[in-house]
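Trainee: Quick note, the sequences are listed as chains L and Y, same order. First residue of the first sequence? That's 1 in the numbering used here, and the numbers climb one at a time after it. First residue of the second sequence? That's 1 in the numbering used here, and the numbers climb one at a time after it.
Since the hints were derived computationally from the structure, they do not count as laboratory data. Treat each hint with caution, since some may be false.
So the derived list for chain L, only partly shown, Cβ under 10 Å to chain Y, looks like this [claimed, not checked]:
hint, residue
1, L44
2, D50
3, E54
4, V105
5, N108
6, S110
Here are a few chain L residues that sit away from chain Y, every Cβ distance over 12 Å (derived from the structure) [stated by the list, open to error]:
hint, residue
7, G31
8, R32
9, A60
10, S61
11, N66
These numbers come from a predicted model, not from an experiment. From the three backbone atoms N, C-alpha and C, an ideal C-beta is built for every residue, glycine too.
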Amino acid sequence: MPRLNMGLIFTMHSNAVDGSPSCEDLNTCLGRLPRFIARVQVQLRPSVLDPAGEATRAAASRLGVNGLQKLRIGKAVELELEAESAATARQQLSLLCDRLLANPVTENWSLELEELAP
Amino acid sequence: MTIGIVVFPGSNCDRDMAWALEGCLGLASRFLWHGDTDLAGVSAVVLPGGFSYGDYLRCGALARFAPLLKEVQQFAERGGPVLGICNGFQILTEMGLLPGALTRNRDLHFRCEPCELRVAPGNSQFLKGYAPQALVQFPIAHGEGCYQCDPDTYKALDQGGQIVLRYTKNPNGSQGDVAGLSNAQGNVLGLMPHPERACDPLLGGTDGRLLLQNLLS
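Bound conformation, chain L alone (with noise of 0.2 Å):
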């Protein structure tokens, strides 16, 4: 199963030309690295049973709501990091999804990343 990494990425450029950078990007005139938000969604693989989310369905139901075909219960994680560039902070990102913040045996994760204006 492909992992979904939709991201969005929004990313300040030096205007410089010969490659030094500009006072124009605030962060690398203050010395300080971009700062990142990412929004990290952990869904149950489709083939892993949901007993909450099936439950809760059934609770949807007795509310009067009808017709629900599908409720699956996943987590939303939401991150503030700084790091060098989109790059890296994406490739952060990935090993901490990957190894702590979803289990790949039961769950799929996707990962949006936005830059922080300064």
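Place chain Y on chain L using the hints.
Mentor: Showing chain Y alone in chain L's frame:
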């Protein structure tokens, strides 16, 4: 010969285990703090039941990163006996010492009751002396004991004789009635039921004694 019992914040069967080993079986044990980096020369390691790190994130997910567990991993890979009970089994799967995962019980209930198991000892060092197909009774006490793995893994476990304990009446929805798994080498065993609660006749049975004695076999 001493048996090490790893203590995490949130472990609650560590003292039961020490009592079973020392009080019932006369085996020396010592507690090992999860933050230590040294197994202190023990001959076997037990990961006891409980709620390590409050079961935050997933059962066993945070315990896996405890400094001592790096040592436990190496100890197991060198052939040292490692027994994970209940939360200990969950930790073993999170560590990758055993395949698959333990998930929420199918009926969502926390099940706390005596449970009959069928033993298929295979090459598990912990089940030496139990007759093949023997029926034993150990109590269970868990909310997340539903074993799941992908079909290929299950087939390999089944054909490799690694499914060494199965429920006769499945209490939690476990795939293939899995109650306990051995690694291929036989020196790592993870099980949801509690053999340490089946060592004193006062508690209704002593079927777990042999399993714990085998820690030092």
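Trainee: Compare the structure with each hint and give your call.
Mentor: Each hint, compared with the structure:
At a threshold of 10 Å, the smallest CB-CB gap from L/L44 to chain Y is about 8 Å, leaving the interface hint in force. The beta carbon of L/D50 is positioned within 10 Å of a beta carbon in chain Y (closest approach about 8 Å), and the interface hint is therefore held. Against a cut-off of 10 Å between C-beta atoms, the interface hint on L/E54 holds, since the closest Cβ of chain Y lies about 9 Å away. Taken as an interface hint, L/V105 checks out: its beta carbon lies about 4 Å from the nearest beta carbon of chain Y, inside 10 Å.
Residue-level restraint check for L/N108 is violated (minimum Cβ-Cβ distance to chain Y is 13 Å; threshold 10 Å). A hinted interface residue such as L/S110 counts as satisfied when its beta carbon comes closer than 10 Å to some beta carbon of chain Y; here the least separation is about 17 Å, so the hint is violated. Consistency note on L/G31: stated as away from chain Y, and its beta-carbon is indeed over 12 Å from all of that chain's, at 32 Å minimum. Interface exclusion of L/R32 from chain Y stands, the closest Cβ pair being 29 Å apart, more than 12 Å.
With 12 Å as the threshold on Cβ separation, the claim that L/A60 sits away from chain Y holds: the shortest Cβ distance comes to roughly 16 Å. Once the 12 Å rule is applied to beta carbons, L/S61 is consistent with being away from chain Y; the minimum gap is 17 Å. Its beta-carbon lying about 22 Å from the closest one in chain Y, L/N66 satisfies the requirement of being farther than 12 Å from that chain.
Comparing the model with each earlier hint shows violations of hints 5 and 6; every other hint is respected.
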